[in-house]
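Participant: Residues in the sequence shown are numbered consecutively from 0, following numbering that gives the first Met the number 0.
Only true hints are included.
Quick list of simulated restraints, FRET-style, between CB atoms:
1) Asp-146 - Pro-308: 32 to 40 Å
2) Leu-132 - Pro-242: 21 to 29 Å
3) Leu-279 - Gly-313: 28 to 36 Å
4) Val-45 - Pro-21: 39 to 47 Å
Since the hints were derived computationally from the structure, they do not count as laboratory data.
Since the structure is predicted, the reported quantities are computational estimates derived from the model, not experimental observations.
Note that the Cβ used here is the ideal one computed from N, Cα and C, for glycine as well.
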Amino acid sequence: MKFICAECGCEYPLDGLDYRCPCGGLFQLSKAPGETVGAGVSLGEVPTPVLRRKLGHTEVYLKLDYLQPTGSFKDRGAFVLINKLLELGIREVVEDSSGNAGAAIAGYCAAAGIRCNIYLPESTSAGKIKQVLAYGANLVKVPGSRDDTARAIRQAAATTYYASHVYNPLFFEGTKSLAYEIKEQVGIPDYIFVPAGNGTMLLGAYIGFRELGKLPRIIAVQSRNCAPVAAVFHGRTPEPPAPTVAEGIAIGQPMRLQEMVTAVRESHGDFITVDDDSVLRAQAMLGAMGIYIEPTAGAAVAGMLQYFPAGDNGLNIVVPLTGSGLKK
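Please model the entire structure based on the sequences and the hints provided.
Facilitator: In structure tokens form, the structure reads like this:
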């Protein structure tokens with residue numbers, strides 16, 4: 000396995016400190032046919048269940064990815080990334096996250112015996128901070144926005160391996176497993192609704208379904224208060240971000256924006272936006288069904304309800320639920 004710059008084609012080793020090419024290009028993963036990552040580090044991962052439920056006028060499959068070991072779908076990426084870093088002999092990492100990715104990386108690093116430094120916005124919810132600390136990670140709180148945290152991590156990454164859920168393609172090699180599980184459970188859906196910030200789930204689903212030979216229509220949902228990719232997708236100039244209850248997708252400058260746009264267009268999907276009130280209503284709707292999700296997961300539900308207000312006409316629709324309500 001190796002990294003290849005998507006812009007100029009330069010090759011980089013997996014264990015180097017480079018996390019993007021000097022030309023500005025981001026890395027893609029190159030591997031030989033049949034080449035896989037070992038699974039020596041485990042927190043007890045299992046395929047997450049799906050529930051068939053009627054939401055509004057629409058029957059959907061809810062994919063309960065908040066039942067992953069650390070409480071979010073980010074465990075899929077952390078599982079592959081940290082297992083590979085352990086194989087490579089990496090002993091310390093840095094990562095920046097609004098919470099879920101940081102918790103996932105911290106948890107798997109704890110299991111692997113890898114020292115972990117997590118950079119978080121100082122406004123991150125107390126539950127997510129408590130979880131990161133429980134895994135023994137060194138916590139660095141950064142004043143300002145999520146994008147301020149991303150800038151701070153670049154200095155740390157100059158000397159310590161950057162276990163990034165955005166830059167490191169090994170993370171997407173993990174999140175693509177979502178597509179394989181969905182196919183086994185309900186087949187290739189007609190539509191999949193995903194919350195979209197940095198595109199970790201979106202791009203993972205795209206890579207996985209593309210490998211399986213058929214793409215569902217990917218409907219990527221952003222907060223109306225922070226929707227830079229939706230704006231570009233629809234040919235508009237992005238507006239400055241504002242605070243949103245869907246903090247996990249509050250990304251003002253997603254590094255893989257063009258990849259996200261390309262993936263959704265190739266799937267004949269769409270980018271849509273939802274307001275905070277609809278996100279909270281969606282969270283409450285699922286809570287009344289006994290399903291406790293964080294607000295960011297509610298964004299995908301709100302997007303589905305907005306997209307299919309009158310029903311679905313028998314379509315196969317999947318809505319992955321990204322994180323547990325216990326996170327917030």
